[in-house]
Each structure stands twice: as C-alpha cells, then as structure tokens.
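Residue numbers (the UniProt record's numbering), protein chains in the order written: chain Y, 1 to 611; chain S, 1 to 611.
A couple of the hints might just be wrong.
It does not matter which identical chain is used: a pair holds within one copy or between any two.
As the list claims (entries may be wrong) - Restricting the straight-line Cα-Cα distance to at most 30 Å, the calculated cross-link-like pairs of lysine-lysine (BS3-like) are:
id, residue 1, residue 2
1, 255, 236
2, 465, 343
3, 24, 465
4, 603, 465
5, 255, 244
Think of the hints as simulated: they come from the structure by calculation, not from any bench.
In case you want the letters, here they are:
Protein chains: 2
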Amino acid sequence: MADSDFRRELAQQLRVDSIRCSAKAGSGHPTSSMSAADLLAVLLDGHLRLDYQAPDDPRNDHLIFSKGHASPLYYSVLKAAGAITDEELLTFRRLDSRLEGHPTPRIPPTDVATGSLGQGLPIGVGIALAGSKLDRLPYRVWVLCGDSEMAEGSIWEAFEHAAHAGLDNLIAIVDVNRLGQTRETMTGWHLERYAERARAFGWHAITVDGHDVDAIEEAYQGAEATTGKPTVVLAKTRKGRGVKAVEDLPGKHGKPLDDPEAAIAELGGVRNLTVRVTRPEVRAKPYAFAVTGAELPTWALGEQVATRQAYGDALLAVGEQRGEVVALDGEVSNSTHSDLFAKQLPDRYFEMFIAEQQMIAAAVGLQVRDWVPYASTFAAFLSRAYDFVRMAAISRADLRLVGSHAGVSIGEDGPSQMALEDMAALRAVHGSTVLHPSDANQTAQLVAQMADRKGISYLRTLRGKTVVRTPSTEDVHIGGSRVLRSSDADEVALLACGITVGEAEAAADLLASQGTTARVIDCYSIKPLDEDTVRAAARDTGLLVTVEDHWPEGGLGDAVLAAVSDLAQPPRVHKLAVRIMPTSGTPAELLAAAEIDAPAIAKAVGSLLGR
Amino acid sequence: MADSDFRRELAQQLRVDSIRCSAKAGSGHPTSSMSAADLLAVLLDGHLRLDYQAPDDPRNDHLIFSKGHASPLYYSVLKAAGAITDEELLTFRRLDSRLEGHPTPRIPPTDVATGSLGQGLPIGVGIALAGSKLDRLPYRVWVLCGDSEMAEGSIWEAFEHAAHAGLDNLIAIVDVNRLGQTRETMTGWHLERYAERARAFGWHAITVDGHDVDAIEEAYQGAEATTGKPTVVLAKTRKGRGVKAVEDLPGKHGKPLDDPEAAIAELGGVRNLTVRVTRPEVRAKPYAFAVTGAELPTWALGEQVATRQAYGDALLAVGEQRGEVVALDGEVSNSTHSDLFAKQLPDRYFEMFIAEQQMIAAAVGLQVRDWVPYASTFAAFLSRAYDFVRMAAISRADLRLVGSHAGVSIGEDGPSQMALEDMAALRAVHGSTVLHPSDANQTAQLVAQMADRKGISYLRTLRGKTVVRTPSTEDVHIGGSRVLRSSDADEVALLACGITVGEAEAAADLLASQGTTARVIDCYSIKPLDEDTVRAAARDTGLLVTVEDHWPEGGLGDAVLAAVSDLAQPPRVHKLAVRIMPTSGTPAELLAAAEIDAPAIAKAVGSLLGR
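Isolated chain Y, as found in the complex (with noise of 0.2 Å):
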C-alpha cells in the first residue's frame, strides 16, 4: 500500500477501534473520536516521533489529548502503536483497566490527566517550554484539540503565552467538526475566524480538510518546517465521519453507536494494522543547570521578616541548591517575592504575566519532564486556577503553590486581595499539602521541603512581618508543629497558623494575668496536621480554640476537628475565624475586626470557661 492508503486504513481501524471499545464500555464519546481519525494516523505514521516502548525516554515527542473525552481514539492510538494490546484496549471504562474513561497517566506514555476542556494546550505549553528553555531538546509537542474547548479562556492565554515564548516546539491541532454536545459552536465550520485569531495571537495557522490525509500531511509539515512560532493546524471534520447513522448529526454526542457491528461493516471491518511509530533520533541528554551549593537562609530570633519575603530568600537558595528547580509567578513576583530567584536564576524562571491558569498549567509542563516547579501569587488569585490544581491531582502531578497576602492581615487593599477560602480549596485536593509558617525559618525549613514533596503542596505567606520566634537550629517539617507554651495546669489550648500565632501568644499572656493558664501550638502545617500533638492538647485540656484568618470552613479549625473528632472522649473544641466580609483597614482594625486578635481570643476563652 502507498502511504495514504495506509493512512486511510489506519484511520479506519482507529474508528473501528472507537467504536468497539466504547460499545463494548457501554458510554464513551466514538463519535468525537472519529472526526479526529485522519489527522491521528498521519501524525502516528511519519510524523511523532515516539518511543512507545521507552515512554520516560526524555526525547521523545509529547502528544496531549486536550479533548480527553476522545479516550477510544487516545486507546486506538496506543493500539496502533503497539503498546497496548486488542484484548486490553476493550477493557475500556472498567474497575481494573488502565483505559479510564478520559485519559489518566495510569497508562503511559499520557503525560496528564485530561477530561476538564481546556487545559491540554496550556499544560503543552507548559512541556513546550520545558523543552526549550530547559531541557534544550528538540522534542515536539502536539495538542489535539476539540473546537468547543476553544470557547475556554485558558486556551486564548495558552495562545497568547506560546507566541510571546515563540514556542516552535509546539503544534496544536484543532478538530473542527463544529458540533459541542448540544448544538452548533459559536464559531462553527468557519475556520478563517479560528486562523485569523490565532494568527492575531502571533500563531502560524493553517487551514486543512481534516479527512484528507495527504492534505494533512502537507499541513503537518508545514508546522514542522515553522520556526520562531507555534503552529495551530485548523482541521475541518465531521463528527462521527465514516458512519452514515451519526455522521455531522446533532444528539449523537457522548453515547455508544446504537448499532456498533453495522457501524464497524459500513467502515470495512476490524483492523489489526500496526504502525511503526519513529523513534526519537537525537543523542542529546537533557540539560543540567549547574548549581552552587547555597546554604537556606535563617533568621535571628526577633527579627521582624514577612514569610514571603522568607519565601523569597529560601527559593533562591534552594534553585541554587538544586538545578531542577524553577520558579514560576503572575506578574506580582516583587509581592510573592519569586522577584529574589527570578534575579539571580533567570534562565529557571518564567514569567507568567497575569494569567493564573496558564501559571498552572505551565507548572504541571515542567513537571511532566521532571522539573521541580514552584508557582506564586496572591493566595486569593490561586482560585482562578483551581480546576487546574483539581486536575493536576488527577495527573499525578508535583506542584508547589505559594500563595501571599493570605487573609485579613494584609490590611487596607480590601477583600478582593485576601485569600480567605485557600486552604478550604487546597485542603480538598487529594494528597495535598498544606502549610502556614507563622515566622520566616519555619518558612526556609518548609519550602525547602516541598521541594521533594509528592502530590500538590501549598505554602500561604503574609503580607506583613512578623517576629522570628523559631530558632533556625529547631526542627521545623511537614507534619509538625511548635509548642510555645505548655504546662500540666493548662486549661485550654490555643491552636493558630500564620499571623495569629503572635495573637495568640498574646491571648495566652492576656489569660495569664487573669489566672488562665493556655497552652499555645503553632500549627504551621495544616496537612498534614501534628495529630500527636494535638490530641495530647485535646487530651490534657479537653478544650481546644482554633484561631485563623480565613473563613471558619474548611481551614485550621476543620483539620484539628477532623483530628480529634473520633477519640474515646472528644474535647470541645471552638473555632476563631473571619465571620465577617471584611472591608479595607488597618490589619489590626481588621484582625480586631474578625475577632481574631488577642483580646477576642482570650474574651473567647474567658465565656468557654464561664469566667
């Protein structure tokens, strides 16, 4: 066979192949699998270049499946290409299988989970960037893309970051057969609208039949022979291509052919082709950063140091420790302080501009190719990405998110800048971490750490400064905490994070002078939280406050309710947080405000204990 009729064939056997496995599945989505069956089989035959037997070869090409629910055409490709067999493709959608219902990293070589529209190209870019900047290797990067994601905005800044970073590397290819699950897109079959935005965006664009495979041949090559700029290659398709029954037809989205073995004959019967995929050929290894062995930074005790400047200073040392890591921020680097590490380790640092998604996505690239990303904003501007983190989970990805201006405390900017539901969102990520240093060298400690964390981790920074009251010799690790004040007479424990850890030392001292007596823990990591520590204060005072600048959901008071709440004899516990919106201020006026500072802590303690 020449080559485009094997390419044809293989286009066959790959909706073929979709429909089998989603009628055998009994749900899938065949038909947005079989629009984008042409352009799979030419990219398979000549053009990724992919060990499919040595997926963590660093070499290899990345293909993403941003339209994730075309999993039977991803499993049809993985079939093709020999690295699954025909027995295990039909294995699709159940309990043991590898083949979950939108791609997953349990089958490799999928870099990322996908599934949430959206997030398939800027997490390639993310990749593309790593190969450019860091790993200085030729792969490329391709990113199917379906044409109702293109209505999400993390695609526009996907687009509008790849050309600024004049990514060649990457390839998006779009599968326009305008049809979403309800109706028509916006944009339709009208492809020049779609080139003419993304050549407005600094792309290459080209326009193609998305069933013609030498048509696609030529557009493929075109975007390889691209330089200095990404290429979108525009596919126009049709839903469901090939099978008279669903073909370009309305309500024919998300469900399994009503009549597969019908379907399977009208495209010429089962195929068991294989193609030969190419193999990455440059002997390239991927660069290594020289380091130079910085010491973290400490602090004396009684120094005044807001944790995101120690944030700061502790990133860049740990970037010089370590050439893997690199830092990421959204344009407020001299608030989030990454400003120290983007100074001295430019060429490990990206500069993400006000677009919060991409930050992430980004975040999630670099580690696909096993880069140790930190990513900083304002805490409150983390929730512009959090299906990104939700996601990120799902892939199995290691991220450190650093959020600053955590809370009331950053004063007179007004709510908009303070995160008061972060570690709510952050803690209901599955296997998160969550940390809240109250002083500058448990921050040191901290972000060191995150830097061999597994999973999502967190670290929420202040805006303003507060005492160094940890010795920089004292040991400070995820899971832990800082008893600062205890006795066998206390009556009550004081459990705070972050600024409210001054606050309530001062309750305690309060208290004190009024013959209270009130252990106090500085609960710095919030997930995990020290439940040693704190069901021994449970345990020895039977009452416990919490106290946090964030909404009383989901934060500190929550964690430590979750750690007592099943012990043989459960303390009381009550919970200090913002109940109020808060307005613009001064961080005392809004602490006072929330009754979180230390005269409404020890007032609290005072009714508890019915004094």
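Since the structure of chain Y is already known, use the hints to place chain S on it.
Positioned in the frame of chain Y, the structure of chain S alone reads:
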C-alpha cells in the same frame, strides 16, 4: 471654557484627586489611575448616561472598573459627578469608609466588586445581555480594562461571547499604559495587535491616543454609533501621566507618590469641578415576562428519578411561575437538564458554551439588574470559575449555582468529571448556601426556595437515579434535614446526603440484622446544617458517622463536626468519605472502592462500636 478645555481640566482634577486620596491613605494605585484620567473625563462629560443621584434607576448606564486597582480614579469620578464629597474621598481605604481599596457595591452606584483582574468585562457582558435580551432598555455598559488583564483568558471568553450575542450596548475601554506591576506587558504599546485580536473575535476596534480628549471624543462617538457588535476603544496611555517623577516609569506601581504636593502642583493644583453627568432620558420600563403560574413538579414515593432531572423539571416550573427567573448553562444542558427550561423559555435561557468563567460572570451581571439567575454545569467544572464565585460574594451577588454529576457515583467517566471538592469550595464562600438533596421531591422544593435566597446558593445534583423517599407534601427547607429512622435505642447516627442516603439506609438495615440500632439522617442542607437535629443525634447516641461522596475535607463531615464540636459533651464523629483517587468503574464498584457504600458503612460502625 470650551468642552475640550473643560475635559482636560477635569482630567487633571481626576489625577490630582487620585494622588490626594492615595497619599492620605498611604497606599493605593495612583499611577494606574492617572493613565486613564482623560478617558474617564470624556466619558463623564457627554457620554455616560447615569443619574448618580438615583443609582437604582434601571435606565442608567453601567460603568465597571475591571481594573479595580484604579479605585482612586473611580472615587475621583464619584466626587466629580457629585456622588461623594471631597471629604469622603479622603476617607479612602479607612475602616469607616465606603471607599474600599478596590471598589465594592458598598458605594453606589457600584454594581460589582472588582480587584481580581479580568472579571469586569465578562460581568459587563452579563449586564449587556440583561439590557438587550431581558430589560430591553437602551442603557450602555462601559467597562474600563487594564492592559495587563488582557492576558486573562476570561477576557477572551467575554470577547467571544459578546460578539456572538451582538452586544452593541457594550463598550470596553482598554487603558494600554503598557506597564504591569513589575514589567512591560507581553503586548506593550502594540495597539494594532490588540485591535487585530478584537476584530478576529468579532468586535469593532478603535485605537486612540488616550491623552487626546478630542480623539477620545471621536472614538466614543464611533463606539456609540456601532450597531450589531460590541466596540473596544484601545487607548495608548502613559502610566502616571502628567507627573515627571512617575510617568511611564517602571517601579511606580501600587504606591502613593513620594512627593504628592509637588505632583499636585505640577498638575495645576487642586480643583473642585463638578460635571453634570447626563441622565438617562428614555421613558421605558424594564421588560417583564408573562408568567403562567405552573405548579412545582412532584413524584410518587418509590419512583426512580435522577435529582438532575428533578432540577430541570423544577427549574422550568419556577421559571413559569416567576418571570424574573433566568437560566444559564455551559453547553451541557442535556446533562444538567436545564435543557427543559431552554426549550420552553428560550428568551430567558442563555447558552454560555464551554466557558464557565463567562457563565458565572454573566450570572453576576444579570443579577445586577435584579434578574434571578440559575447557572448550571457539571459540578466539577464550577471549580473553573471559583475566583468568580469568590468575587461574587464580595459583590453581594445573589446567585444560584447548580452542579450535576457529583462524586464517584457518576461511574465510568472517571475522576475528571467527578466533583469531589465542590462542597468544600462552596462552603468556604462567605454567606453561601450548600444543598445536596437525595431525591426528586427534595430537589424541587429546594430549587424553588433558592429563588429567594440571598447570596451564593449551590445545589449539588446526582447523575444516577435515586428512589423517591420524601413525600411531596413533606416540609423540605433550606436548613432542614430528614430523619429516615429514629428510636430511643439508637446507638449510632448515620448522617448522609445525596447518593449516600440510600447507602446509609441499607447500612442501617444491615446493622439492624446484626442487632445494632442506627438513626439515619438525610442532611440535604449542608450549609446551613440542621444543627438541632444533628445535635440531638449527638446527645442521643454519642456517636455520629457521616457518609459523603466527596473528599474528607470540607464537606458534610466537617459541617457536622462544626455543629457539635462545642457541645458540653461532644460526640465521637467518624467521617466516611472518598479517600482514594477514584478511577472508572460502575457506580456501585466505585462506591464500594471508596468505602462509602452500605457494607462499608456497616463495617465501620461495627468497628467503632467494638463489635
């Protein structure tokens, strides 16, 4: 004075006042205000039609500062328009002031809070949709954007949707001062690049010298004369315009001027001009939709109905009862079942396509004009718009969010489609309501009650069918619960919601067969929780077991803990929730794997009771 001279003087006043109030506050963004002063002066004097003495007049134009950090300019505009005094202007950022660091609706006629970039424009799309499709009034929506925020994807969601909807009542003004917080934007002063993007998205684009009041006049006239599409005025400006010490210089973002007196002198001194802002002249009232007085749907006990289906049926009935109710969906209406409303009441349905940020922003904009929006998508995808929900609470918006496909019980589609953090995220929104009914009759009652609920209310629905257990005549209310079984001999109380109610009931049967008597409570209202019933169960049994199809953090379990933790004798509480990363599988398999099905519940209770 000629118009142009007056406008130039007015602009200088706006600059001077921006400097004065920031200097007095000791913080703020005067330079980001000064760049846009000419743009606002011309807008106020001859284009804006807004009665500042009657901010609730439905005929008023709307003015949104998407670049909310230019609040000094915004408040200087209010002074110039006679809405506030010079004395109040100088209260900027004080605890006792309505003039917060970033604008909020506490100071009329401010429609919404801004300060998280990229939100003002998509909210403006919502108000413009209200004007053209619902109110049917000729008011315009003017949105001042910064150029840094053009990197936010949400801006491009707004561009696409506004053009798709033909919103010629929407005018965006982009203050292209090219300087972000730490550096030049990606696009700098290349106004034509922005214009090409805007045109490619279907907008009329005008570029202008943003400091030439006559050119601005011409641009606004061009915008006002444009029909069938929205207009963007791209204005080349200089940050800190008019003061040599800061003009177009880096490092001058977000802080008062070092020498405000000298700067004020350079700008010609303090002025006290008042501008007569045009009042709206049209006589028309907002359009009102006819209503039919339909009854809420009910179902017979024992029927099998998905709560998402009940949502669709109930929403349609509520829409037929109340003309102010409108619906939005993110192109999954046949999954959430807002399609029933869309089909019967198409004039009040807004298809927002796959753009969840724009969907929530549009809902915020619609409720600005007193419409009652219900916005639905998969619950997992509401996480895409979390920052918009957070900001909506600061906007004091009344929104109804509906998320379908909650939890592992969706089955084969896998974790990307499963909401497992939604209750945590939505509980951690100030003033929110979180509802998770277990059957159709509960759902209908709650959907109806949400229409009158203040703040952000969230309804979580299930993909699969559940049996109707609640009689249609039974009282179901926000803050309520339903006791399925109860006796004086109860040794444990099982608290469940949604899909786990049936599991808890079956577990109670299992336990009964083993000699253990369990109370079963359906907590369909998570926030507010029915604290009386939960506390009674705690007192009666001393052992609560919560069961939820959600991560362990921030959901029902934590809500229950918060309700009982400061009882004099707190109960033991054990949380059953999803603690493993789910995969694909059948609903039953996945509930079993997560150990939240009936056998797992019974086993956990047995273990807790030492049996």
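Hints, one by one, checked against the model:
no.: 1; hint: 255 to 236; verdict: within (22 Å within a copy, 51 Å between copies)
no.: 2; hint: 465 to 343; verdict: within (23 Å within a copy, 57 Å between copies)
no.: 3; hint: 24 to 465; verdict: between (61 Å within a copy, 23 Å between copies)
no.: 4; hint: 603 to 465; verdict: within (25 Å within a copy, 50 Å between copies)
no.: 5; hint: 255 to 244; verdict: within (16 Å within a copy, 65 Å between copies)
Violated hints: none; the structure is consistent with every hint.
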